[in-house]
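There are 2 protein chains.
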Amino acid sequence: MKSYRGLAGCLVSVTAMLGIAGSVLAAETPSPADLRDAALEHFEVIPSMVPAVSGNAVTREKVELGKMLFFDPRLSSSALISCNTCHNLGMGGDDNLETSIGHGWQKGPRNAPTVLNAVFNEAQFWDGRAEDLKAQAKGPVQAGVEMASTPERVVEVLKSMGDYVQKFAHAFPGEADPVTFDNMARAIEAFEATLITPASRFDQFLEGNDAILTKTEMSGLELFIDTGCASCHNGVNVGGTGYYPFGVVEQPGAEILPPDDKGRFAVTQTATDDYVFRAGPLRNIALTAPYFHSGKVWNLEQAVAIMSSSQLGAELDSNQIKAITAFLMTLTGEAPRVEYPILPVSTETTPKPAAMVAN
Amino acid sequence: MKSYRGLAGCLVSVTAMLGIAGSVLAAETPSPADLRDAALEHFEVIPSMVPAVSGNAVTREKVELGKMLFFDPRLSSSALISCNTCHNLGMGGDDNLETSIGHGWQKGPRNAPTVLNAVFNEAQFWDGRAEDLKAQAKGPVQAGVEMASTPERVVEVLKSMGDYVQKFAHAFPGEADPVTFDNMARAIEAFEATLITPASRFDQFLEGNDAILTKTEMSGLELFIDTGCASCHNGVNVGGTGYYPFGVVEQPGAEILPPDDKGRFAVTQTATDDYVFRAGPLRNIALTAPYFHSGKVWNLEQAVAIMSSSQLGAELDSNQIKAITAFLMTLTGEAPRVEYPILPVSTETTPKPAAMVAN
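Residue numbers (full-length UniProt numbering), protein chains in the order written: chain A, 1 to 359; chain B, 1 to 359.
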């Protein structure tokens, strides 16, 4: 139902926005203050503090443990692939590949989304099948084409190292058996909640700096709102909330929208969810090419053009596309600084890396 | 010739040491001061400062650039594998696999040596085929089973990003064309020179702390010297200098010493270099299982037993093996603290990741 509601909301907004668009585009460029007022109806400043996570207090102990787990390749059965392999914190929180390479060099089904600011998304994965980062973290660890491990194996790995056992005990005080697959996910979620990128130039604009954006960028922001992009890409993450069909007006070609990936339909088994995906969160979009769930588009201007025609039926000219792209480039925030963790040493009882064969 | 000289030196020393061994083992346990004096004839305290590198000034700019390159998976053609993939700074500077997994999930030929303290080795790789870390760094980048790139591709990748171009210019001032494959290797060497692990308990013992080692550990150190281990495993890195046949006295089985890997013979094409390898540097050995160039032995005590019988003809009892192992565990130093680097963003001209197929 969420996707349908999202879609309906989108279409209504698009209509409303397109109505406004005519007048705004015809009028003079609005003042920074007027543009800010319009923008604040759609977007929120990203917090510079780690947000609270529902049902999972973000304690220092949990974050420190979660960081170790995030970087530990022994969560995969090959002992080669860590969360950071596909969600590289040095590369915008993803792997900059069309789709990820996983266990046995298998090709993943969809483009890896960034982990940066993922805590602000309404749900995780392109189809929203995980309601939060805790649920998300359990997916790739078990997926055969990704890390190819099992909850039992992960727990065996973690329990084999005294340092991990101690850190789980500190992160989950009072629990009789703290080293669990669920707590692994909780710790990773707590660490990931710290991976936020405040202070983008866009945020500085929202916070009152009239001079921080160029005229082109402001014009792009105005177009982003007026063309209707902001109807789906809004909120703190400029997206990441609500589900929409890829191709509201016109479906892109099979290269960009492969026919065999029906998106959220696989989650809900509802016909109206055919080719429905979560609206991509656009923060740090300049760092996370290639684009779309298929990862087939490397050029941000091209992605903007495809979105505007397929979702909104708007045929923007090249200056308008460049302006929107310029605006999107202002969404790059300050990357979190992370000290590379020193991991506990494997012991005699640590399960050995799985056989080298892929399947 | 180096290997032959090394071997000759080893055999002479072994004879001498075995002579001493009888008397020392029969005598009372030496005082810490006497043991220290004996140890200082074989070993050096690891410096706590970054050492100078011949022909490559270790400047801050070079180290910072080298760190980025070390962690950048775009040095591989898949854009997935970085130096840190196999020389994981959180896991003792290696990958803790028998042999590494490389491009297309191919199995590497030998166990990945640790990058920690590698700057103190006389030469690099198990067969010493690279005279320094600069030469070493060029190997895996090009090896088809590792990163599978080419110098031309790497330079194209690096030149496609203005931030890298600027950092190369700062790291190699005055050069007309600073972005070169050679300079990539120089920067990585400079960074790797900082990856030293001072202040192990063994070093603290060498520096005069009588109480830092247990009796068992001191007994293990004494045995390590007296049995003859220190004849090959000596110097700052407790190894890493000189070449010796694997199986001076008795060759281990094919499982541990695969017959088709003739070691240094492939470098020198000299019959006396059959199955000759560089003596493994033993610092942080507790962190770098599995052991030997084949990576077939996961247990350090078992590795000690194999070494003592195959290299020295010494049949140590289990207490002696445990003591030597306990000593080896004191070689774990303080890991370098590294902030995970934020890498430059790929551009339109950055070569795209190579096709997913392995071969």
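Keep in mind that the hints are not guaranteed to be accurate.
For chains that are exact copies, the list does not tell them apart, and a pair is met inside one copy or across any two.
[Unchecked claim] With a straight-line cut-off of 27 Å between C-alpha atoms, the simulated DSS-like cross-links for lysine-lysine are:
1) Lys107 with Lys322
2) Lys159 with Lys322
3) Lys215 with Lys159
4) Lys352 with Lys107
5) Lys352 with Lys322
6) Lys107 with Lys215
The set of hints was computed from the structure by calculation and includes no laboratory data. Fair warning: this is a prediction, and the values are worked out from it, not measured in the lab.
Hints, one by one, checked against the model:
no., hint, in the structure
1, Lys107 with Lys322, "neither (32 Å within a copy, 46 Å between copies)"
2, Lys159 with Lys322, "between (53 Å within a copy, 24 Å between copies)"
3, Lys215 with Lys159, "neither (57 Å within a copy, 30 Å between copies)"
4, Lys352 with Lys107, "both (24 Å within a copy, 16 Å between copies)"
5, Lys352 with Lys322, "between (52 Å within a copy, 23 Å between copies)"
6, Lys107 with Lys215, "neither (42 Å within a copy, 54 Å between copies)"
When each numbered hint is compared with the structure, violations occur for hints 1, 3 and 6.
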